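Assemble the whole structure, with the sequences as input and the hints as a guide.
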Amino acid sequence: MSKIIKVLLNLALYSGILYIGIIILSKVFDIGTKRFLVFDEKKKKVASIGFLIFTGLIPVFLSKNTYALRTSILVLIYIVLALSLNFVLGFAGQLSMGHAAFYAVGAYTTAILTVNYNVPFWISLIFSALVAAIFGLLLGIPTLRLKGDYLAITTIGFGEILRLILINWTSFTRGPAGIPGIPSPTIFGYTINTNTGYFYILYILALITIFISHRLLNSRLGRGLIAIKDDEVAAEAMGINPTFLKILAFVLGAAIAGIVGGIFASFIHYVNPDNFTYMESVVILTMVVLGGVGSIPGVIVGATVLAILPEALRGISTYRYAIYGILLAMMMIVRPQGIISMASLKGGGGNENSRSQSSN
Amino acid sequence: MFMEQLSNGIALGSIYALTAIGFTMVYGIIRLINFAHGDLYMIGAFLTYTGLTLFNMPIVPSFLFGMVGAAAFGIAIAKFAYSPVFKAPRINLFLSAIGIAIFLENFAMLIWGPETQSFPSVINNKVYSFIGIRISSLQLIILGSTIVLVGILTYVVQYTKLGRAMRCVSQDMDVSKLMGINTDRIVYLTFALGSGLGAAAGTLVGMYYKAVYPMMGFVPGLKAFIAAVIGGIGSIPGAMLGGLIMGISESLGAAYISSGYRDAIAFIILIIILLLKPEGLLGKGIKEKI
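These protein sequence lines map, in sequence, to chains A and B. To convert, note that position 226 of the first sequence is 237 in the numbering used here; the numbers rise steadily by one, no gaps. To convert, note that position 91 of the second sequence is 95 in the numbering used here; the numbers rise steadily by one, no gaps.
FYI, nobody ran anything at the bench for these hints, they're computed from the structure. Heads up, some of the hints might be wrong.
To be verified - According to the in silico footprint, chain A covers these stretches of chain B (three or more CB under 8 Å from chain A):
#, segment
1, 91-98
2, 274-281
What the hints assert, rightly or not - Derived DSS-like pairs (lysine-lysine); straight-line CA-CA distance at most 27 Å:
#, chain 1, residue 1, chain 2, residue 2
3, A, K38, B, K91
4, A, K45, A, K357
5, A, K14, B, K83
6, A, K240, A, K45
7, B, K83, A, K17
8, B, K181, B, K165
9, A, K54, A, K38
10, B, K83, B, K181
11, A, K38, A, K56
12, A, K38, A, K53
13, A, K240, A, K158
14, A, K45, A, K56
15, B, K214, B, K130
16, A, K54, A, K357
17, B, K181, B, K91
18, A, K55, A, K45
19, A, K55, A, K357
20, B, K83, B, K165
21, B, K91, A, K357
22, A, K357, A, K56
23, B, K91, A, K158
24, B, K281, A, K240
25, B, K91, A, K240
26, B, K214, A, K14
27, A, K357, A, K38
28, B, K281, A, K158
29, A, K53, A, K357
No experiment lies behind these values; they were computed from the predicted model shown. Positions of the beta carbon are idealized from the N, C-alpha and C atoms, including for glycine.
Below, the structure is given as structure tokens:
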């Protein structure tokens, strides 16, 4: 009985801290976004370049601290994964909950090609992207018929079936034992096997993904996707082809998740079906929603916060996932639009009132 | 062999049916995939277990204790985690439910410990066989309690004022409010009923496999959704039918195809149903209005 009371008291304490944390974080980012938006073009450029240089130098600051450096590599992996899901969820508005499946396909493609067939890493990475894209196409086709909840559960099913195949097809994937000994990549004869090397590979991949997201969002295709998200029927009436664009979003998201899967496999030198469970998909989904669906800086912040959180909570490890659950529910109640919402980036301030005021 | 798998499948199917009914009721009212439903099923099983081992109660009061306790949990979740998000975009409600599911799993780990607890055997399990069919008394109890609970539920939904209000709210919440129905109360009561049924299913599973553990609700929670979709979401007889179809096809599939793909069978049925008849076997198709 005293144990139950102790658990409840602890949970109440942590929830209180979380609540205050969310409020403070929201305020900080609100003010930050507003400040950033009034900058002129030149200042924005300077700020972005400064940020890029700062983040690019992280391995230099952390060169002594291997644990922190590995954590920052994981953060980058999750940033790319969350951005790739953002194509499907943020741009096209399709709720996909099987994103870890594409990540798994990419990781296993690289693992099997490099270990069993001695294919060079970079070529197998291209195959990872291709195979994941084909799976994205396979999953994209049923979305023509399904919406919302049905789509969500079908994608969960897709992820689970894939994981069961990875476990049961032992002659090809070695089943639950996993595939060890995935080699490190080489560039011009140098083998990249340090954390710093992986950091920069992923850093470049993250920059490319951000660039693609940014360009896509402001292009004809991206606007078509946003139109589908807002109202599919109206978009179709305006001459947009929803089928094509939705599949495109799935394929693009899947291909990027496949590439990062391949790099992940090489980074930890080992793949195993347990790395790609349903929880993994939920974590990626949470990153996107927590950061702000569709908003690129939001998704980056969401991925960073949620990738660091489990590490930061190691001290109270038994309460870790309970707190994670509370955070998720509380965030949805306190700040449903995400940390940096798409609306706030357009200068709308994030709520209806201020938007109508600014338009007047 | 076939008959044995069939009776096994029917027992399993009636448990799925109980879980799916609770699920489909909640979906019918607030259009939410209640990801926490499977975890309420687990909480119910653990509460019954606590009633049996800690308070030394006999099985029937423990069973009721589990159901009522899970119903209380269901109401609390609806009040604190779901109703503040009703007006937000759908995905927020969805993620709130996932958050609660993760929380409940870990809450159970904190209180009861992460390891599997063996459920005390409360019933003297005899195996009856007649005309070549072998059926155990546990399977009969599962079938019997399912029939009784579904009977009570059907009576409540079809013939009482509360049931009429519930059917109203599931058709149109705003209009029901205008007609003087206290919709908040109906939502909470639906959660209570659904969670109670889920808890009953969880306890029956605990009795059947003689084990309870914090993650026991996750896969059944997903399967309950699938069973509800197969039968037509929002329809109680549909959920019953869907649950039975799934239980039988799963135990036959595990026996004759491959036991490794046991959990995949449910998803394959789901995908086939969604492609052929998206509104489910007993569901009514709704045309989208522009």
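Okay, the hints, checked on the actual structure:
1. 91-98: holds (count 7)
2. 274-281: Per the Cβ count (4), the hint holds.
3. K38(A) <-> K91(B): 22 Å, holds
4. K45(A) <-> K357(A): The given pair, whose Cα atoms are some 10 Å apart, holds under the 27 Å limit.
5. K14(A) <-> K83(B): Distance ~26 Å between K14(A) and K83(B) Cα, so the pair holds.
6. K240(A) <-> K45(A): With Cα atoms ~26 Å apart, K240(A) and K45(A) stay inside 27 Å; holds.
7. K83(B) <-> K17(A): Cα-Cα ~24 Å, so holds.
8. K181(B) <-> K165(B): Holds. K181(B) to K165(B) sits at ~15 Å (cutoff 27 Å).
9. K54(A) <-> K38(A): The hint holds at about 22 Å.
10. K83(B) <-> K181(B): 18 Å, holds
11. K38(A) <-> K56(A): 24 Å, holds
12. K38(A) <-> K53(A): Judged against 27 Å, a Cα distance of about 26 Å means the pair holds.
13. K240(A) <-> K158(A): Cα-Cα ~11 Å, so holds.
14. K45(A) <-> K56(A): This hinted pair holds, its Cα atoms lying about 16 Å apart.
15. K214(B) <-> K130(B): 15 Å, holds
16. K54(A) <-> K357(A): Holds. K54(A) to K357(A) sits at ~17 Å (cutoff 27 Å).
17. K181(B) <-> K91(B): 16 Å, holds
18. K55(A) <-> K45(A): Holds: K55(A) and K45(A) sit about 12 Å apart, inside 27 Å.
19. K55(A) <-> K357(A): 15 Å, holds
20. K83(B) <-> K165(B): Measuring from Cα to Cα gives roughly 23 Å; hence the hint holds.
21. K91(B) <-> K357(A): 23 Å, holds
22. K357(A) <-> K56(A): 17 Å, holds
23. K91(B) <-> K158(A): 20 Å, holds
24. K281(B) <-> K240(A): Between K281(B) and K240(A) the Cα gap is close to 25 Å, so the pair holds against 27 Å.
25. K91(B) <-> K240(A): 19 Å, holds
26. K214(B) <-> K14(A): 25 Å, holds
27. K357(A) <-> K38(A): The hint holds at about 17 Å.
28. K281(B) <-> K158(A): 14 Å, holds
29. K53(A) <-> K357(A): 18 Å, holds
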